[in-house]
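J.: Sequence:
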Amino acid sequence: TDEDGRVLFDSYGNPLVRVDFHNNPLKCEDSCLFDERKFPLFCNPAKPIANMDGKPMLFFDKNKRPLTDRRGVPLVYASGILLLKFDDVGRPYADQKGKPLCDVNGNEIFDQNFDATVSPIANPAQLQISYCSKPSFVVYDRTGRPLTDNEGNALVNSDGTSLEFNVIKQKKKVLRQEYDGYGRPLFDKRNRNFILPWEAGFQYVWSKTN
Numbered sequence: 008t009d010e011d012g013r014v015l016f017d018s019y020g021n022p023l024v025r026v027d028f029h030n031n032p033l034k035c036e037d038s039c040l041f042d043e044r045k046f047p048l049f050c051n052p053a054k055p056i057a058n059m060d061g062k063p064m065l066f067f068d069k070n071k072r073p074l075t076d077r078r079g080v081p082l083v084y085a086s087g088i089l090l091l092k093f094d095d096v097g098r099p100y101a102d103q104k105g106k107p108l109c110d111v112n113g114n115e116i117f118d119q120n121f122d123a124t125v126s127p128i129a130n131p132a133q134l135q136i137s138y139c140s141k142p143s144f145v146v147y148d149r150t151g152r153p154l155t156d157n158e159g160n161a162l163v164n165s166d167g168t169s170l171e172f173n174v175i176k177q178k179k180k181v182l183r184q185e186y187d188g189y190g191r192p193l194f195d196k197r198n199r200n201f202i203l204p205w206e207a208g209f210q211y212v213w214s215k216t217n
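Going by our numbering, 209 is the number at position 202 of the sequence shown; the sequence numbering is gapless.
Each hint should be verified, as a subset may be incorrect.
Here are the simulated lysine-lysine pairs, DSS-like style, with alpha carbons at most 30 Å apart [stated by the list, open to error]:
1. K104 x K62
2. K54 x K92
3. K106 x K69
4. K45 x K106
I should point out that these hints are in silico values taken from the structure, not numbers from a laboratory. Remember, it's a predicted structure, so these values are computed and weren't measured experimentally.
Can you make the complete structure from the sequences, with help from the hints?
T.: In structure tokens form, the structure reads like this:
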């Protein structure tokens, strides 16, 4: 389209973008549409968000907390509500409180220097969390906010620090209620207290004192 949003045509008179009755662009199967800033349109919230160059887009809130995982997949609360909001053409633009999205450097989405393709620099040892036979077990805090992604990876803030966890090994088999760095108990998706067995040979989540 041109700068006024009017559909352009090729030399044969064929529209470069198909539109519906209301002049909204139609998305073809397996194709992506982008705006002038290389932001994708009509995003699928269950799939990675990537820019025109195929790079994953990572969004954070103003408190540096992640809103997508490291692949660009939008995160969800335990209730299933997305942490991101999308506009009427399917572009991510705000968190659930309506605050503008930020990149890893704290630039807001409408800033000229905003670049969502830059990843935080994190300690690799903190990224993978193993839950015995449940490697894809997602952990949430009391508010229902995810602390891990669906693959069992610890989420990190935009400054590269892990949200609440360190990974350690324990050899004695016991049961222990897990807490975050502020002493608040952790919960699973069903809002049950998160209790882990400690067994030899496995890695578990341990709260990190902030």
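J.: For each hint, tell me whether it holds in the structure or not.
T.: Right, here's what the structure says about each hint:
A hinted pair counts as satisfied when its Cα atoms are at most 30 Å apart, and K104 with K62 qualifies at roughly 26 Å. For the hint pairing K54 with K92, the CA-to-CA distance comes to about 15 Å; that is within 30 Å, so the pair holds. Our distance criterion of 30 Å between C-alpha atoms is met by K106 and K69, whose separation comes to about 8 Å. A C-alpha spacing of about 21 Å is found between K45 and K106, which places the hinted pair at or below 30 Å, so the restraint holds.
Checked against the numbered hints above, the structure breaks none of them.
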